[in-house]
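Chains A and Z are the protein sequences, given in the same order.
For the first sequence, counting from 1, position 128 maps to 239 in the working numbering; every step adds exactly one.
For the second sequence, counting from 1, position 136 maps to 374 in the working numbering; every step adds exactly one.
FYI, nobody ran anything at the bench for these hints, they're computed from the structure.
Incorrect hints may appear among the rest.
[Stated by the list, open to error] Residues from chain A that keep clear of chain Z, each with C-beta distances beyond 12 Å, as calculated:
1) 152
2) 500
3) 549
4) 596
5) 604
[As the list claims (entries may be wrong)] To be clear about the criterion: a stretch of chain Z counts as covered by chain A if any three or more of its residues have a C-beta under 8 Å from a C-beta of chain A, and this derived list gives those stretches:
6) 357 to 363
7) 393 to 402
8) 415 to 426
Bear in mind that the values here come from a model prediction, so they are computed numbers and not experimental data.
Glycine included, every Cβ here is placed at the ideal spot set by N, Cα and C.
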Amino acid sequence: MHMHDLQPSAPVTPGKEPFDAIVVGSGAAGGMAAFQLAQAGIKVLLLEAGRMLDPQKEYKTMEWPYKDLRRHRLPVGEFALQAAEYRTLDRPYGLTPEMQKYKKVMAYSGNHFTKDWIVNEKEHPITGTPYAWVRARVLGGKTNLWGRVSLRFSDLDLKAKSHDGFGEDWPISYADISPYYDTVDTLLGITGTKEGIPHLPDGLFQRPLKLNCGEVQVQRAIAKMGRKLIAGRAGVTTDGVLNNKYRARCMGRGRCGRGCDLNAAFHSPAALIFPARDTGNLVVRTDSVVSEVLVDDRTNKATGVRVIDKNTKEVMDFRGRIVILAASCLESTRLLLNSKSATRANGTANSSGVVGHYFCEHVMGPGASGILPSRVGTAPTNDDGRPQSTYIVRFRNVTDKHPDFIRGYGFQGASGAAEFPANAAETPGFGAAFKKTVRANYPARVNYGGFGEVLARKENRVFLDPEVKDAWGIPVLKFDYTFSDNEKKMAADMADTAEEMLRAAGATDIVVRRNILTEGWSIHEMGTARMGTDPKTSVTNSFGQTHDIRNLFVVDGSIFVSASCQNPTWMIMALCWRAMDYVKEQMRTGNL
Amino acid sequence: MNEMNDPGAGLSRRSLLKAVGTSVGTIAMLPVLSDEGVLAFEALQRTKAAPKLKALTPAQYATVDALTEAIIPTDAHSPGARAARVADYIDLLLSESDAALQAAWTSGLAALDAAAVAAHKVPFVKLQAAQVEALLTAISANEAQPTTPVEQFFRSAKDATIRGYYTSEIGIQQDLQYKGNQYLPEFVGCLTEDGKDCPHCGQKAQAKA
Ligand SMILES: Cc1cc2nc3c(=O)[nH]c(=O)nc-3n(C[C@H](O)[C@H](O)[C@H](O)COP(=O)(O)OP(=O)(O)OC[C@H]3O[C@@H](n4cnc5c(N)ncnc54)[C@H](O)[C@@H]3O)c2cc1C
Ligand code: SF4
């Protein structure tokens, strides 16, 4: 496959005629924004803080551990924070004495494959309550390593307040967004099975991923409990997409989280940015750290953005007719907060004061693993060759009402063999018997882990640290964020039901995980610049257009009103497409 | 090392999830290799040369080699930890770890020898197969909640052996006969998925609900 020319990035300097649109960030949100506008003939400048990426070189999809002599360990001098360290180390992570010996300290998802994309906590500190904030600064952002689970939100999520009284309803309903889910599905490709579940709407699915024997066994066992296990829904094209020459259909190697070198998995660079660049309407400037949105306080319009060159630290201003923030939830929020003037003392588009508040995500950790006796000793199959395995659909607070908590959770998981036998460490003993048991149980392992909705509560928030700055002199975020009783009770139930389902499926050697992982672990930040109809309690309208400044848009997870328990990326892109249709229309009619 | 659960994070998320549930602080901390270490290990494997020890003394190396082979031995099905050169791997990892971890292994190996001497009057490498079996059975009895130094050392050594062996070509290909990391145009799942009775698992076809 021929990859796009990978010039470091366009040597754009300020002073050219203003661009029609400036997009900040090149992940799922920025990629979609740039793609939609460039396709429509609008001249776009995309500013990305990270460097250019060559997927063909950097996605090491097929590498065996023994071909890398470190066996995929990090090199000396690089360190990925471990779960316990988020709670035990003093913040800022990476600046404490224990961490001084490392050149690079990363969030926990830094590994052999992702280490050149994940930021160095030493350059990007955060302060406040513990938070495992995973940031990828490179073209495509976190979409280069994401997990691909792609689930639609439904009216049970969008109108959750009407359902249980907590929080706010979204200003849109499923009917408003479902056409955009459809177009995202068609443009990018998604695999799944039609199930007709009202609270997990079907998409326009390509060839589904099959369940293996163990998974069918769990599926049947839990069906008797009224619960549904379905084939994974993944942002992966299993049949190929005709609209994009950079992508091929999935060939089932299963190492998509390292970056899929066929680009069958959705990654923003090949799926959106390279095609957008091919239109001739998109200029990508990498190594461009945006520090603030420039606003003319007399006209109350955004005039562009200030950029600090990542390498030279040169400061320059770029002008545009509209500015679109897509730097990821918390980074866009930080930009709003850091864009201040005498009349905007607490940040831009923040007359409501809610920027940074209503921070929400998913709670993770609880789950269970076990061994399915019927699969013990069977011949291994290529179970981890699928780009996604299975999903257990939310069953709490759908039609019934749980006494302990509101909202719900779903489970991701699988049965079967994987390259590294996770059952080995759980197998007691040593010697020939140990070795044989590991081998026999290796195709029989089953494991499910929950993702639960964290309530969007006003008191959960981020704000600018008054003292600490990043390596470019930009104030960093301070977190004031914890799980509430609702999440803790939900998490306890997640562990109970995971165990109960594995028991029902006849699993043995069940290990139940009850610990909640550090805040942030789910990598699904949402809600810090939420949309709404009331400018007093929300930051943007349903098109991501800020109430305060007409030509300033926010299009990432920050505009979510509530988190649901579904993974956010497909929703981010559906909302972004809808917002860009609105932008195009407003530009055409001269309103922008 | 796959992303069967959400994690695209693969390696690290998986192993961390594990670490949370079990023992953080044992061998979870085996360090990483420098470029020089990597090259040395590569040469050593390629040429099947005698080990060029960097951290362990020859006597300690012999003990690690015997211990790892006792944990994952050669059997009729596949070669074991010795053939996969797990001890060499551990030596290189230790050579680049901090002093505390090196000291933990040094004292752990000494504790293992002391236990061997106490039970059978000879150091670990001199034990007969049945004696190894008896000694490790005793030492591993508490492996889920190791308390004494020798029990803790066993847990660390076992974790390191698991990691070294099941990331080796012998472990992945010959022992586990892993089927992945291939181009697989279509996943053959349970045949009930295609509406048939499944000959693999015996489950019957069902009408989709
Ligand atoms: C391991 C892992 C697994 C995941 N699994 C799933 C999953 O299964 N399903 C799912 O839906 N989601 C998943 N996610 C989350 C998913 O990756 C994110 O929801 C998605 O990438 C968000 O897109 P984004 O564009 O908002 O942010 P990002 O993808 O993070 O992109 C933001 C971009 O903005 C750039 N940027 C930031 N600040 C600035 C600045 N000041 N100036 C210029 N540029 C800036 C960054 O460098 C980055 O490239 C996972 C994430 C990870 C890391
Ligand atoms: S399984 Fe499919 S999506 Fe994943 S890496 Fe392989 S080809 Fe790409």
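We went through each hint and held it up to the structure:
Distance to chain Z confirms residue 152 of chain A as a non-interface residue, since its nearest Cβ pair spans about 34 Å, more than 12 Å. Taking the minimum C-beta to C-beta distance to chain Z, about 5 Å, the non-interface status of residue 500 of chain A is violated against the 12 Å cut. Not every C-beta of chain Z lies more than 12 Å from that of residue 549 of chain A, the closest at about 8 Å, which undercuts listing it as non-interface. Listed as outside the interface, residue 596 of chain A is consistent with that label: its C-beta sits roughly 22 Å from the nearest C-beta of chain Z, beyond the 12 Å cut-off.
A cut-off of 12 Å between C-beta atoms confirms that residue 604 of chain A is not in contact with chain Z; the least separation is 18 Å. Counting residues of the segment 357 to 363 of chain Z whose CB lies closer than 8 Å to any CB of chain A gives 0, so the stated coverage by that chain is violated, three being the minimum. Chain A is given as covering the segment 393 to 402 of chain Z, and this holds because 5 residues of the stretch bring a CB closer than 8 Å to a CB of that chain, at least three being needed. Counting residues of the segment 415 to 426 of chain Z whose C-beta sits closer than 8 Å to any C-beta of chain A gives 12, which meets the bar of three, so the coverage hint holds.
Hints 2, 3 and 6 from the earlier list are contradicted by this structure; the remaining hints agree with it.
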